Amino acid sequence: MTERIVIVGAGECGTRAAFALREQGFSGEIALISEEHQLPYERPPLSKQALLEPKLEPYYIASAQQFDAARIQLHLASKVTAIQRELQVITLETNGKSQALAYSKLLLATGASPRKLPTLMGIDCYYLRTFEDAQRIRLGLKAGKHIVMIGGGLIGLELAASARQLGAAVTVVEADSRILRRAIPANIAAALAKRHEQAGVHLIYNGTIQRAYQDKNKINLVVKTGVELRADSVIVAIGTTPNVNLAQTAGLAVDNGIVVNEYLQTADPHIYAAGDCCNFLHATQGRLRLETWRSAQQQGNLAANNLLGVQQPYSAVPWFWSDQYELGLQVAGLTKPEHQRVVRYLSDNSLIEFELDSTGHLVMAAGLGVATAVAKAIRIAELLIAKKAKVAPQLLADPNLNLKKLLK
Amino acid sequence: MSQWIEACVTDDIDAEDVLRFDYGGHSYAVYHSPEGEFYATDGLCTHEKVQLADGLVMDNIIECPKHNGRFNYKTGAALGATVCVNLKTYPVKVENNTLYIQV
Chain L
12 MTERIVIVGA GECGTRAAFA LREQGFSGEI ALISEEHQLP YERPPLSKQA
62 LLEPKLEPYY IASAQQFDAA RIQLHLASKV TAIQRELQVI TLETNGKSQA
112 LAYSKLLLAT GASPRKLPTL MGIDCYYLRT FEDAQRIRLG LKAGKHIVMI
162 GGGLIGLELA ASARQLGAAV TVVEADSRIL RRAIPANIAA ALAKRHEQAG
212 VHLIYNGTIQ RAYQDKNKIN LVVKTGVELR ADSVIVAIGT TPNVNLAQTA
262 GLAVDNGIVV NEYLQTADPH IYAAGDCCNF LHATQGRLRL ETWRSAQQQG
312 NLAANNLLGV QQPYSAVPWF WSDQYELGLQ VAGLTKPEHQ RVVRYLSDNS
362 LIEFELDSTG HLVMAAGLGV ATAVAKAIRI AELLIAKKAK VAPQLLADPN
412 LNLKKLLK
Chain U
34 MSQWIEACVT DDIDAEDVLR FDYGGHSYAV YHSPEGEFYA TDGLCTHEKV
84 QLADGLVMDN IIECPKHNGR FNYKTGAALG ATVCVNLKTY PVKVENNTLY
134 IQV
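In order, the protein sequences belong to chains L and U.
Take the first sequence: its letter number 55 is residue 66 in the numbering used here, and every next letter is one higher.
Take the second sequence: its letter number 67 is residue 100 in the numbering used here, and every next letter is one higher.
A few of these clues could be false.
Below, simulated BS3-like cross-link-like pairs (lysine-lysine); rule was C-alpha separation at most 27 Å, straight line [what the hints assert, rightly or not]:
1. K107(U) - K126(U)
2. K419(L) - K107(U)
3. K66(L) - K82(U)
4. K229(L) - K59(L)
5. K153(L) - K107(U)
6. K235(L) - K205(L)
7. K153(L) - K66(L)
8. K127(L) - K153(L)
9. K107(U) - K416(L)
10. K415(L) - K82(U)
11. K415(L) - K107(U)
12. K229(L) - K153(L)
13. K416(L) - K399(L)
14. K59(L) - K107(U)
15. K419(L) - K401(L)
16. K121(U) - K82(U)
17. K229(L) - K156(L)
18. K416(L) - K205(L)
I should point out that these hints are in silico values taken from the structure, not numbers from a laboratory.
Since the model is a prediction, treat every value here as computed from it, not as a measurement.
Build the full structure now, drawing on both the sequences and the hints.
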């Protein structure tokens, strides 16, 4: 029988894995399954530049010709409804028709879904994950409209910046006392919040939504702070939950994601999971679930190698970027409250915040600057973090010191 | 018609580094290799329009500052994964510590 690797989910991770299998010389069949109707596309632009274009278009990861040339069988608008592990067969439903598809290896790259806010049950509000979600959201982003963004995380803030650039009035309601606590340290967060306020965004902190009701075409939100907001559109961006139902039903372990080891392998040796849906053992950071474009891509590549018998652990330094207005944010490593912090001020709204662990090793660097102005420094920091370098705080704070010297 | 354009003074670029240079509405990136040679390529990454001069140079490689696409800046060759379209390269010459590129 021909070998067949089945990949469930055609986001960045699943699609990259499919191409990586061919790049690594796999000659069997590859089936890539997507619940969506169109060719796989990039999600990062959907909250940023794609919204600002005159016409919203998907940024395709690859063309139909490229899928054909790599002999990747793309099953669009298809849903995997069951995995029979003992038979190594999945059940695939397309347009109401069901078929069984055998696999020699299975990769679950099912992604994540926006977390729903129970207070808003029955209220018309938007969540962003797919291209269609972005299309619906885009319609409401215009001058004269008031957009209320619930959640001051990366997606919420990127959407807030895009909405302002399109002329809408924007209020961001954040439940915490500051934005982006999980993702970036305090000084960077403060600089970014300042930029939003300069742009006219109204930021409300400690703002739990207590009650919501609709009248005419407006949505009214009662915030815990006592404020009552009247919105034309409400967008909720309060994080994601991993898509684990399929794995769970098949009896695989699930704990904030599909549980995999450092090789992205589940307890079933024929089944791997990668990307937003998996809770993996990081070589140095312990158990993590990452929700970034970079990790999705890296894990897709790594899963492909390991599906083909290479045993390579995932050890990359977590990294992400964000674009808001003219500013670019880049972060390498994971911020933690117990770390020592050092700030390097570069110019008015450009700075880098570093974190060291209790033994003086660089463990995180977050930079904010115009476009990619801080990219080089953050990339160097990422290499230093990977090398487990100890760096003196005064060197990190000195804007005249070329960080590259620390690499040598 | 091609012409030689003054890009910068050679001291402006550290060894194993890159500098942005704009001319006629077009961005270029000029490089100083670890061996002390100079090179020039288009300034924007072929994947999405990002200024390569904000990226890190390691040996012969320039890395895109956003998605880590890698190019050999001496040949313009795209080195896989995020980037698959090669980078255009331009001839350079040094006269009196001034770097010129032919555009």
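Okay, the hints, checked on the actual structure:
Straight-line distance between C-alpha atoms of K107(U) and K126(U) comes to about 14 Å, which keeps the hinted pair within the 27 Å bound. For the hint pairing K419(L) with K107(U), the CA-to-CA distance comes to about 23 Å; that is within 27 Å, so the pair holds. Straight-line distance between C-alpha atoms of K66(L) and K82(U) comes to about 18 Å, which keeps the hinted pair within the 27 Å bound. Only pairs whose Cα atoms come within 27 Å are accepted, and K229(L) paired with K59(L) is accepted, the gap being roughly 25 Å.
For the proposed pair K153(L) and K107(U), the alpha carbon gap of about 46 Å is over 27 Å, so the pair is violated. Under the criterion of a C-alpha separation no larger than 27 Å, the hint pairing K235(L) with K205(L) is consistent with the structure, at around 23 Å. For the suggested pair K153(L) and K66(L), the alpha carbons sit about 14 Å apart, so the restraint of at most 27 Å is met. With a CA separation close to 25 Å, the supplied pair K127(L) and K153(L) stays within the 27 Å bound.
Simply put, K107(U) and K416(L) have alpha-carbon atoms about 23 Å apart, close enough for the 27 Å limit, and the pair holds. Note on K415(L) and K82(U): the hinted pairing holds, with a Cα-Cα distance of about 25 Å set against a maximum of 27 Å. With a C-alpha separation of about 21 Å, the suggested pair K415(L) and K107(U) falls inside the 27 Å cut-off, and the hint holds. Taken as a hint, the K229(L) and K153(L) pair is honoured in the structure, with Cα atoms around 15 Å apart against an allowance of 27 Å.
A threshold of 27 Å between alpha carbons decides the hint, and for K416(L) with K399(L) the separation of about 16 Å falls inside it, so the pair holds. For the hint linking K59(L) to K107(U), the alpha-carbon distance of about 33 Å lies beyond 27 Å, and the restraint is violated. About 13 Å separates the Cα atoms of K419(L) and K401(L), which keeps this hinted pair within 27 Å; it holds. Taking the CA atoms of K121(U) and K82(U), the gap is about 14 Å. The hint holds against a cut of 27 Å.
In summary, the hint linking K229(L) to K156(L) is supported, as the alpha carbons are separated by about 10 Å, within the 27 Å threshold. With a C-alpha separation of about 32 Å, the suggested pair K416(L) and K205(L) falls outside the 27 Å cut-off, and the hint is violated.
Going down the numbered hints, you'll see the structure goes against 5, 14, 18, while the others check out.
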